[in-house]
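Asker: Listed below, chain by chain, are the residues.
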Amino acid sequence: MHLTRTAQELAEYLGGSVRGDGGCLINGLAPLDAAGPDKVTFLANPRYASRVAETQAGAVLMAPNGESYGRTVIEVDNPYLAFAKLLTLFYVQPRPPRGVMPEACIGMGVALGDDVSIYPGAIICDNVTIGDRCVIYPGAVLYDGVSVGDDTIIHANAVIRERCRMGNRCIIQPGAVIGSDGFGYAPDGNGYYRIPQIGIVVLEDDVEIGANCTIDRAALEVTLIKRGTKLDNLVQIAHNCQIGEDCMIVSQVGISGSARIGNHVTLGGQVGVAGHLTIGDNVMVGAQSGVPNSLQANAVYSGSPTIPHKDWLRAMAVVPRLPELKKTLHSLEKRIAELEALQAKK
Amino acid sequence: MHLTRTAQELAEYLGGSVRGDGGCLINGLAPLDAAGPDKVTFLANPRYASRVAETQAGAVLMAPNGESYGRTVIEVDNPYLAFAKLLTLFYVQPRPPRGVMPEACIGMGVALGDDVSIYPGAIICDNVTIGDRCVIYPGAVLYDGVSVGDDTIIHANAVIRERCRMGNRCIIQPGAVIGSDGFGYAPDGNGYYRIPQIGIVVLEDDVEIGANCTIDRAALEVTLIKRGTKLDNLVQIAHNCQIGEDCMIVSQVGISGSARIGNHVTLGGQVGVAGHLTIGDNVMVGAQSGVPNSLQANAVYSGSPTIPHKDWLRAMAVVPRLPELKKTLHSLEKRIAELEALQAKK
Amino acid sequence: MHLTRTAQELAEYLGGSVRGDGGCLINGLAPLDAAGPDKVTFLANPRYASRVAETQAGAVLMAPNGESYGRTVIEVDNPYLAFAKLLTLFYVQPRPPRGVMPEACIGMGVALGDDVSIYPGAIICDNVTIGDRCVIYPGAVLYDGVSVGDDTIIHANAVIRERCRMGNRCIIQPGAVIGSDGFGYAPDGNGYYRIPQIGIVVLEDDVEIGANCTIDRAALEVTLIKRGTKLDNLVQIAHNCQIGEDCMIVSQVGISGSARIGNHVTLGGQVGVAGHLTIGDNVMVGAQSGVPNSLQANAVYSGSPTIPHKDWLRAMAVVPRLPELKKTLHSLEKRIAELEALQAKK
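Protein chains in written order, with our numbering: chain A, 1 to 346; chain B, 1 to 346; chain C, 1 to 346.
No wet-lab data here; the hints were simulated from the structure. Among the hints, a few may not be true.
Which copy? The list can't say, so a pair holds if one copy fits it or any two copies do.
[As the list claims (entries may be wrong)] The calculated lysine to any residue pairs, modelled on SDA-like cross-linking and capped at a C-alpha distance of 25 Å, are:
#1 Lys310 to Pro292
#2 Lys39 to Gly28
#3 Lys39 to Gly199
#4 Lys326 to Ala337
#5 Lys334 to Glu324
#6 Lys346 to Ser331
#7 Lys327 to His309
#8 Lys39 to Pro196
#9 Lys39 to Gly15
#10 Lys310 to Glu324
#11 Lys310 to Thr266
#12 Lys345 to Ser331
#13 Lys310 to Pro320
#14 Lys39 to Arg194
#15 Lys327 to Ala337
Using the sequences provided together with the hints, build the complete structure.
Answerer: This is the structure we're talking about:
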């Protein structure tokens, strides 16, 4: 049984307004080309504005003053955000808490909040603290002394090692590893002597960690990921890193030890960041780039090693023409030699 | 107790023919330099043809009309494929089904096919459907509503999230995650608003997924991997991607959201593919390349950003000589200035 | 209750000597700027020598004959190694063995050494051998026939597949997969025929494997990682590779099938190595490099494709200036044409 709302009710929910039939009944969302008359769709990219003419949707979320092509429109300042909020409204039902299910394994001295759900096969070791309304899925393992805030979700087979801490409303996707030992060895003349990694990982509120990510515990102190930062899948964060607030770290990025990343930084997919450097606030780094040194705030970089993004675009445009440039250069060299020879004769 | 066959029987099994002693008894396979007289070996690469002279193998799989050096030869059109088929014949025994073993955990409303093996520590949540002869190894977690076809193998600690579907004869290596939430957020002025990811992942028949791969569920509809496609380890497939049939995706590739990959596409190791683009059928992309835009079918590309592979090879040959070219250019500039000065004097 | 030692006792433990107050009491370690008078700190990098003047630490580990700024100094040849050894002394307590805990699952024919700890949710399949003092954490899965030496630690949700073997004092971080099927298929005209992967993985003594690494079993024989080699997180080792002794393989490296890596090789983060090649002893490869061919021993390489590191640095310095060089080249071309035209007139 789906939720149903009028277009007018949705506009009020979103702080927007209706042009057209405010009484139109809506029970869900769909893309422009797949939506039927009981669905709301959205136009986030003005490039696709003409597709509004053909949609069968009951209503269209769009920015103010867009061409409606006769459709019922819900005007909102940020249609993409409004779309996300309606997705949540229509499709995300709070699940009733299930408590500690049989075949979950709970250690000694564990403190569980209210209304938790601990699934079969979840392993909660000794002296773990888990906040209210948390959900711990099957096969997730929380080592001794882990602490988890309220409303946090830990998916199947994720691992949180000893004493690591996470805040409220965090989401850990399946298979992520938080608190693995940092990669630290001291050469001892023969091989490598293992440096004990006795620090922890701290995730602040609203941090989300993608599937199969790895976040190493600090050698001595804390590997820190600040409020609101999101990691895509398969990201590697080395020991003692500090990642700022509201960063977006795209899939397969690797950040080396003791790097400090500012707030609102975006790292594109497969970027590599060297250790012991600083990336300023609001920096964006293009996919596959390699960051060998600190980067100043409020700028866009690309390349390996990174340079300003515009310079990189211009340089990359020349790369395919290098063989031709080399050939031209050698022909000029020859022509100059001929001119010089003529000159010498005089 | 090993299976034993004559060279003649093997030739018939493979649709080939024997030159030499068809009665020779074979009980297994080994490499050219390690095979004894009871083993068959194979020559797939003509570069190594001379090693046939020295092998101790009882018989050699090779293409028709190769030099036998007096060995017993089983002639087949595709020796590498024949080798693979004999490996299967000699070494892959069908395992007797073990049923639902103690300490496996089976939810409500689960439908199990005939002759399944569900190992201890496997967690099958509610309303899951599993086909005949499937094997679910320890620690694998199937969330609510997952469906699995016949003869599919899910290895230890793999995770299949809510409602994802997979076909027949799929193989999921350990630790792979299928159906994690797509990386989708709408900036809301302060931070990021999470976009619910309510779609699923569908794997068609004969799809194989490497260890610790991550395949995100679609935001609204389906992340689709078509029949016969194989993923190596640690590959990332973002939400709403569509991957064609019989593709080979080598280790550590990352494919961004809503990319569409054709049939028979090969992506080399560590390739990155941007979102919302199309790669045509039969494309090959060299290792570590970065694909920023759509690629036309039936061609080979390399580089980051990608260009035709031959152009990339030629450009890369110039890169180490850039400092020398720059120096030459500056010396030419000087020589031209001198010529111009002489000219001006006249 | 912390261990306490005098500076003199620590110096003797490390084979060094004290300058200053040998009776000073130490109960732990801390960084230069955070250490109090009951802590020892260390100066590994001479760049930070002046900070010794300001530290509150009770004693400072440093190389012989450094400036003490009036602090108590413990002189040792290798301060970083000494620091690591004291970390171990002060913070790594041997944990009492816990035996086979309830809810661990032990198969038939399993041989367990003395003083093991097998946690709840660990799954040990049939005919596994585990040495003395091993620790197997929750959710780790050892398939049939695995063998593990003494003093080895296998963390949560790691998977060791059939018949793989590991030596003494190995550490497997959470989520690592050892012995997944190699990525081997023979094209059969329509699609791909799966090549059975019937070999194993062997890890020698003192090998450490990072979180969520994947190491594929050999097709026929052995994927081998030799004594003392350390893998960071998310590293991929393909089938039939052989990695030498005391190598350091940094995060997200991918090594293709049948590659042979020498001893004491360092591969930087995100490096890719092609298959069927050889890397000589003591090679270092810079981060994000791509190794397409064999590399000679005792040298440093960078780039994709790799070239000698110094050449790569020089070439990369030119890349951002390519647009300018191209422009210069075209202006020279024009100037030469003008000179030639003048010449022709005479």
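Asker: Please go over all the hints and tell whether each is borne out by the structure.
Answerer: Comparing the hints with the structure gives:
| no. | hint | verdict |
| --- | --- | --- |
| 1 | Lys310 to Pro292 | both (18 Å within a copy, 15 Å between copies) |
| 2 | Lys39 to Gly28 | within (5 Å within a copy, 62 Å between copies) |
| 3 | Lys39 to Gly199 | between (51 Å within a copy, 16 Å between copies) |
| 4 | Lys326 to Ala337 | both (17 Å within a copy, 18 Å between copies) |
| 5 | Lys334 to Glu324 | both (16 Å within a copy, 16 Å between copies) |
| 6 | Lys346 to Ser331 | both (24 Å within a copy, 23 Å between copies) |
| 7 | Lys327 to His309 | between (28 Å within a copy, 20 Å between copies) |
| 8 | Lys39 to Pro196 | between (57 Å within a copy, 17 Å between copies) |
| 9 | Lys39 to Gly15 | within (19 Å within a copy, 58 Å between copies) |
| 10 | Lys310 to Glu324 | both (23 Å within a copy, 14 Å between copies) |
| 11 | Lys310 to Thr266 | within (17 Å within a copy, 31 Å between copies) |
| 12 | Lys345 to Ser331 | both (22 Å within a copy, 22 Å between copies) |
| 13 | Lys310 to Pro320 | both (17 Å within a copy, 10 Å between copies) |
| 14 | Lys39 to Arg194 | between (59 Å within a copy, 21 Å between copies) |
| 15 | Lys327 to Ala337 | both (16 Å within a copy, 16 Å between copies) |
Of the numbered hints listed earlier, not one is contradicted by the structure.
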